[in-house]
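Colleague: Residue-level listing of the chains:
2 protein chains.
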Amino acid sequence: MATGRIVVYGGRGALGAACVNHFKSFNYWVANIDLNPNEKADFNITVPKDASWVEQEDHVVNELGNALQGQKVNAIICVAGGWAGGNAAKDLSKQADLMWRQSVWSSSIAATLAAKYLNTGGLLALTGAKAALEATPGMIGYGMAKAAVHQLTKSLGAKDSGLPENSLAVAIMPVTLDTEMNRKWMPKADFSTWTPLTFVAELFEKWMKDEGRPANGSLVALVTKNNVTDLIIE
Amino acid sequence: MATGRIVVYGGRGALGAACVNHFKSFNYWVANIDLNPNEKADFNITVPKDASWVEQEDHVVNELGNALQGQKVNAIICVAGGWAGGNAAKDLSKQADLMWRQSVWSSSIAATLAAKYLNTGGLLALTGAKAALEATPGMIGYGMAKAAVHQLTKSLGAKDSGLPENSLAVAIMPVTLDTEMNRKWMPKADFSTWTPLTFVAELFEKWMKDEGRPANGSLVALVTKNNVTDLIIE
Numbered sequence: 001m002a003t004g005r006i007v008v009y010g011g012r013g014a015l016g017a018a019c020v021n022h023f024k025s026f027n028y029w030v031a032n033i034d035l036n037p038n039e040k041a042d043f044n045i046t047v048p049k050d051a052s053w054v055e056q057e058d059h060v061v062n063e064l065g066n067a068l069q070g071q072k073v074n075a076i077i078c079v080a081g082g083w084a085g086g087n088a089a090k091d092l093s094k095q096a097d098l099m100w101r102q103s104v105w106s107s108s109i110a111a112t113l114a115a116k117y118l119n120t121g122g123l124l125a126l127t128g129a130k131a132a133l134e135a136t137p138g139m140i141g142y143g144m145a146k147a148a149v150h151q152l153t154k155s156l157g158a159k160d161s162g163l164p165e166n167s168l169a170v171a172i173m174p175v176t177l178d179t180e181m182n183r184k185w186m187p188k189a190d191f192s193t194w195t196p197l198t199f200v201a202e203l204f205e206k207w208m209k210d211e212g213r214p215a216n217g218s219l220v221a222l223v224t225k226n227n228v229t230d231l232i233i234e
Numbered sequence: 001m002a003t004g005r006i007v008v009y010g011g012r013g014a015l016g017a018a019c020v021n022h023f024k025s026f027n028y029w030v031a032n033i034d035l036n037p038n039e040k041a042d043f044n045i046t047v048p049k050d051a052s053w054v055e056q057e058d059h060v061v062n063e064l065g066n067a068l069q070g071q072k073v074n075a076i077i078c079v080a081g082g083w084a085g086g087n088a089a090k091d092l093s094k095q096a097d098l099m100w101r102q103s104v105w106s107s108s109i110a111a112t113l114a115a116k117y118l119n120t121g122g123l124l125a126l127t128g129a130k131a132a133l134e135a136t137p138g139m140i141g142y143g144m145a146k147a148a149v150h151q152l153t154k155s156l157g158a159k160d161s162g163l164p165e166n167s168l169a170v171a172i173m174p175v176t177l178d179t180e181m182n183r184k185w186m187p188k189a190d191f192s193t194w195t196p197l198t199f200v201a202e203l204f205e206k207w208m209k210d211e212g213r214p215a216n217g218s219l220v221a222l223v224t225k226n227n228v229t230d231l232i233i234e
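From first to last, the protein sequence lines stand for chains F and W.
At position 10 of the first sequence (counting the first as 1) the number is 10 in full-length UniProt numbering, and the numbers step up by one without a gap.
At position 88 of the second sequence (counting the first as 1) the number is 88 in full-length UniProt numbering, and the numbers step up by one without a gap.
Please keep in mind that the hints were generated in silico from the structure rather than gathered at the bench.
Where hints are given, some of them may not hold.
In silico lysine-lysine, DSBU-like type, Cα no more than 30 Å apart, as pairs [as the list claims (entries may be wrong)]:
hint, chain 1, residue 1, chain 2, residue 2
1, W, Lys116, W, Lys49
2, W, Lys90, F, Lys159
3, F, Lys90, W, Lys225
4, W, Lys40, W, Lys94
5, F, Lys72, W, Lys94
6, F, Lys188, F, Lys130
7, F, Lys94, W, Lys94
8, F, Lys159, W, Lys209
9, W, Lys40, W, Lys116
10, F, Lys72, F, Lys90
11, F, Lys159, W, Lys225
12, W, Lys49, W, Lys184
13, W, Lys184, F, Lys90
14, F, Lys72, F, Lys184
15, F, Lys184, F, Lys159
16, W, Lys40, W, Lys72
17, W, Lys40, F, Lys72
18, F, Lys90, W, Lys94
19, W, Lys188, F, Lys90
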């Protein structure tokens with residue numbers, strides 16, 4: 001019998017796949033929601049890329065509901081997202097639209113899933129960005145989308161948000177994650193300041209188990225120095 | 001000859017129409033961008049409601065470019081928006097999608113217009129909401145959209161945002177505006193705490209003329225008490 005049930009939104013990305021692996025290794029039932037399946041997950045929900053926001057939500061809600069058959073999940077972890085640069089002078093709406101779909105559609109659909117399927121006391125973790133706490137003139141669409149995720153997190157952590165009792169809504173704000181792609185593109189960077197993916201997966205597991213939880217609705221920056229990651233609550 | 005040129009995004013709404021009237025009375029050339037024309041404007045751009053974000057941007061950019069024929073504008077004022085309530089337990093993505101279209105599509109398209117057509121030293125004014133500085137669990141989609149507008153404003157006010165030199169990007173954050181509809185729906189409210197539309201239109205005119213400008217990228221709350229409105233910079 002599984003230890004518990006986890007949903008990873010974006011389980012094909014580097015961090016998402018690390019979460020799938022981590023929870024599978026501890027015998028959890030893991031569902032992956034992404035544009036493509038992750039074969040290590042117990043259950044895959046493939047998001048129809050060209051569908052509207054509401055259509056994507058309906059699809060994901062129905063598929064997960066069918067899989068769960070009335071059972072609840074211990075955690076919903078949304079690590080879907082992407083990055084695009086650009087200021088107001090070039091393709092602003094195009095970039096902002098892409099960022100919105102990748103970060104905000106996924107986060108708000110994860111929030112809907114949490115309202116429907118998360119256990120009392122469960123964890124909903126979203127992914128923000130420390131940079132978006134300030135101006136981001138060189139990546140305007142990205143900053144807007146992440147600012148929306150931050151505000152969503154605060155709302156979900158407040159009274160009467162629609163999430164189950166004693167659940168925790170939280171957003172991590174990574175600086176740079178230690179992924180294969182980042183190592184490929186920034187081979188000369190100082191990796192001792194990058195946050196390991198396993199650290200993040202373990203952090204989610206702790207919060208899920210009600211260990212060291214920050215206040216509901218918190219934005220938690222992950223700041224790594226000399227291979228040690230500090231949690232800084234904004 | 002006109003005193004100058006103004007673009008009002010949302011010039012059919014209560015505040016937008018007040019801005020159109022105000023600037024027309026001072027002999028400005030005024031363009032209105034909205035789902036429907038405002039017959040008092042000199043030029044109307046009708047936004048195709050069912051078009052995508054990028055299609056709307058292309059349409060508005062081209063139409064305004066044709067009207068201006070190489071001339072620039074003194075101010076772009078985006079007062080388009082809307083309101084919808086709701087938490088994570090019901091239709092979150094539907095409400096958030098609507099709020100995003102009304103507040104963020106319009107604001108980001110206004111930013112693109114500013115990058116292309118605003119004068120050196122001109123004004124780009126957007127519309128945020130004081131409530132969205134904190135959690136908004138009872139109106140999650142609205143809070144997310146306004147938080148994105150706030151972050152957009154900060155980015156636009158920062159170096160290398162793509163806006164013209166010495167321009168001002170600013171967001172007003174009204175609490176309650178003194179509109180006909182608000183009086184109709186809240187007939188017993190204390191109107192002395194509501195902000196008059198003419199106050200806001202005059203404020204835009206001052207900022208446009210470089211009088212009493214807040215720092216670039218500011219969020220400016222409009223707080224009215226005993227019929228006096230204070231500007232509180234967040």
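Colleague: So, for every hint listed, does it hold in this structure?
Modeller: Now for the hints, and whether the structure bears them out:
no.: 1; hint: W:Lys116 / W:Lys49; in the structure: holds (23 Å)
no.: 2; hint: W:Lys90 / F:Lys159; in the structure: holds (15 Å)
no.: 3; hint: F:Lys90 / W:Lys225; in the structure: violated (42 Å)
no.: 4; hint: W:Lys40 / W:Lys94; in the structure: violated (34 Å)
no.: 5; hint: F:Lys72 / W:Lys94; in the structure: holds (24 Å)
no.: 6; hint: F:Lys188 / F:Lys130; in the structure: holds (23 Å)
no.: 7; hint: F:Lys94 / W:Lys94; in the structure: holds (21 Å)
no.: 8; hint: F:Lys159 / W:Lys209; in the structure: violated (44 Å)
no.: 9; hint: W:Lys40 / W:Lys116; in the structure: holds (25 Å)
no.: 10; hint: F:Lys72 / F:Lys90; in the structure: violated (45 Å)
no.: 11; hint: F:Lys159 / W:Lys225; in the structure: holds (29 Å)
no.: 12; hint: W:Lys49 / W:Lys184; in the structure: holds (27 Å)
no.: 13; hint: W:Lys184 / F:Lys90; in the structure: violated (43 Å)
no.: 14; hint: F:Lys72 / F:Lys184; in the structure: violated (39 Å)
no.: 15; hint: F:Lys184 / F:Lys159; in the structure: violated (44 Å)
no.: 16; hint: W:Lys40 / W:Lys72; in the structure: holds (21 Å)
no.: 17; hint: W:Lys40 / F:Lys72; in the structure: violated (57 Å)
no.: 18; hint: F:Lys90 / W:Lys94; in the structure: holds (29 Å)
no.: 19; hint: W:Lys188 / F:Lys90; in the structure: violated (48 Å)
In summary, the numbered hints that this structure violates are 3, 4, 8, 10, 13, 14, 15, 17, 19.
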